[in-house]
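Enquirer: Sequence:
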Amino acid sequence: MCGIALILSGVDVVGCDLYRESDGPPSTDAEEPALVVGDLKDAIGRRGPDSLGVRKVFVQLKQTDSVGKDDDKEYTEEDLHICYEENANNNISSIFKVANVQDNIINRWIAELYFLGATLQLRGASPIFQPLVDSSGNILVYNGEIFGGIHVSDDKNDAETLLHVLESCCYCNGNENGNVCYCTKLGAQFIPEIISKIKGPWALIYWQKKSGTLWFGRDAFGRRSLLVHWPTMGDARFVLSSVSPALTIGKISDTEVECSSSNICYWEELPCGIYSLCLKAPNASEQLVKQKLVGEIRKHKWTDPLLNRLVEWERTCLDPKVDPFFSNDLQLQRDQLALSSNSPKGVHKAVARMELEEHGSDIHNHIPGDARPAVKVLNALKESVMRRTVSRIFQTPRHEDEMDDHSPIAILFSGGLDSMILAAILDQCIDSKYTIDLLNVSFDGQLAPDRVSARAGVAELQTVAPHRRWRLVEIDAVLSNLAWEAKHLLALIQPAKTYMDLNIGIALWLAAGGDGWVDGGLCKLHNNHQRYRYKSTSRILLVGSGADEQCAGYGRHRTKYRLGGWVSLHEEMRLDVQRIWKRNMGRDDRCISDHGKEARFPFLDEDVIKTLLDFPLWEIAELDKPAGIGDKKILREVSWLLGLKQAAEMPKRAIQFGSRIARESNRKNFGSNRAANQASAGSVEIHHSLS
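FYI, the numbering for the sequence shown is -16 to -1, 1 to 675, going by mature numbering (1 follows the signal peptide of the UniProt record, and there is no 0).
If you are wondering where the hints come from, they were derived from the structure by calculation, not from laboratory data.
Quantities reported herein were computed from a predicted structural model and do not represent experimental measurements.
Errors might be hidden in some of the hints.
As the list claims (entries may be wrong) - Dumping the calculated DSS-like pairs for lysine-lysine here, alpha-carbon to alpha-carbon at most 30 Å:
1. K417 to K519
2. K140 to K594
3. K140 to K366
4. K519 to K471
Assemble the whole structure, with the sequences as input and the hints as a guide.
Expert: So, in C-alpha cells, the structure goes:
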C-alpha cells in the first residue's frame, strides 16, 4: 500500500463540473478549511512507512515578442515551459534544475505541481522512492499492484515497470479517436490503452512532461482510494490524495467532534476511470484577464473489451426461460422446493444441506467434476489468492531470525463463510513454514457473534489443515475508550459521513492494527497455553470484500428476488457492484492502510468476477431456500469442496453487527438499539458531538 497525492495550483481547471458530485462550489461565505501540506504529508506517510518523497514542478509561459497579427492587433505566442524541478526524497536532499533563460524570452512562473509519494514496498529486489522520475522527465506516483496485463519481472517493482512502459506512450493527445499521429506510426500506444491492461488494484497520478498532460485515475472497481478536491471559490487548487488529512477536525476541541457540511464537502471520491488534464496557455483574449494556465479535464474510455464487460456487469445468461440447457435443471430445483415447501423450516434446511453434502448440488450430477460451477469458482479463487501472495519478498523474508513464527499475510477474520474460504485457500498457496494470522475484532469480548464464529472457525481450520499454524488474534475494544480513534477515523472515512461508515471504519482499523491477544490453548502454537499479548506484523491483509455483492449475500437481494424474480435480483446486484467503489472500497482502503498495511481483495479479482458472470444467476444463489443455504450458494459449495462443512452453513453477518460495534454505537449515540432503529441510525449523518 502506498500513499499518493498531487496539489495543482495556478491552473484554471475546466470541465470538473461534469464529474463533481456536489451541486457546485460553495459560496464565498461558506467556511472551507485550509489544506495544510504538512498534515497531508503526515496522512500520506502513514500509508507508506518505507519512504516518503516529494517533487515540485514549476510551469511557466514562454513568451516570444510579436510573432503575428490578428485584426490589426499584435499578439504574442506563448507555450508551456518547465522552469525547474525540486526533488526531495526522505527529506534528505534537494536537487534544482533551472532552465536556461534566453535574452528574447520573458519567463513568468504561473503553475505548480506538487507530487507526494509514500511507499509500502512489497515487491522488487531493490528499494524504490516515490515520486518516480524517468529519463524523459515524466513523473509517476503509484498505489497499486500489477497482477497481470503488463509483465513485471520477479526482481522488479510494479511502479518502476509501469513508469518504463508509459515512457514510450504517445504524447500527441490526438489519437484516441482513431487518428493516426506521428507517435502511432512509430508503434507507440495511447496511455489509456496501457492503463486499461492492468489487472489488479491501482490508483495513479502521472505527469507526461512532453505533452504537458497530467493523467490520473483509479481501477474500475475502486479498490484503491483516490480522493479529489475540485477547485472552489474558497480553494482554487486541484487536489488528489489517497486520504484526507486531519484538516476537517483540526479546529475541534479534545472533547467535541463535529462534522459539518462545509468541511466534509472538501473531498469527493474520484469516480473510477482514467482522466487527463492537459495544461495549455490561455488564448490571446484571456491573457489580459487571467494569469493562469488552462487545463481541461477529460475522462477516457477503458479500451480492454473484457474490462468493459466486467464494468457493465453483463451476465452470460439471466432468464431461465431462454436457456434450454439449464431449464431442466431449474425445473428439478423447483420440484425439490415444491416437495419441501410445506415442511417446517428446519426440515427445509436439512433437505438443502443433504443436497450439498451428497453432491455439492444435485443438479450437477450430469456435469463433469472439473466443469461444475463451484469447481471453476474455486480454481479462480485459488489463482486469485496465489497472485496476491506470491512475491519475491516471501522467498527472502526480511526477518530470518523470526522465520519459525513469521506471518507475512493475515486475514480479516470473522469465522464466516468468506473469510473461512480465504483462509483455507491461503493455506494451499503459501509455504507451510509460515504462520497465518487471523485478525478478529470484538466489542463484546468473547460473546460477540464474530468472536464465537472465529473461535469455531479456527477449530475447523485446524482439522482441515492440521499442519498449518493458525494464530487467532483477538482484538478487544470498548467504544467509550476510543475518543481519539473516533476523531482520527472521521478524517479517514471522508467523504463518507454516516454512523454506519464510522462503525465499519473503526472495526476495520482496529482489526488491521492487529494488536490483541492470542489464546495459547486454542491456537496451540507454543507450550504456553495462556492468553498472551500479540501484535501482528503482517503487511498484507486478505479481505473478503465483493463476495456479498456478487453472490447475493444481502437481505435486500432476497427481497428483490421475491418481488421481481431473476431480472430484478440481477439489476440490484449489478447496482451493488457498480457502486462498490463509492460505498465500500475507498473507505475500507483508507482505514486499513492507515497502519502501513495493504488490503488485497481476492473476490474482486478480474478473473473471479468473469468466472462468476459466466454462470447463470441461479447457479450463484437460490433465494427460495433459507438464509445460510440459498444465499451465496456457489460459495457454500466452494466451502464444501474445501472441507469446511460448518462454515458452509454460516449466515451472512456484517462486521458492524458481528463485532457488536453497531449495538454499542446505538446505545451511545441514540440511547438504545430500538431508538437507533427507529431513526434508521445506519444512514444518519454525523453532526453532533461524539464525545
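Enquirer: It remains to establish, for every hint, whether it holds in the given structure.
Expert: Structure-based check of all given hints:
{"no.": "1", "hint": "K417 to K519", "verdict": "holds (19 Å)"}
{"no.": "2", "hint": "K140 to K594", "verdict": "holds (28 Å)"}
{"no.": "3", "hint": "K140 to K366", "verdict": "holds (24 Å)"}
{"no.": "4", "hint": "K519 to K471", "verdict": "holds (23 Å)"}
The structure shown violates none of the earlier numbered hints.
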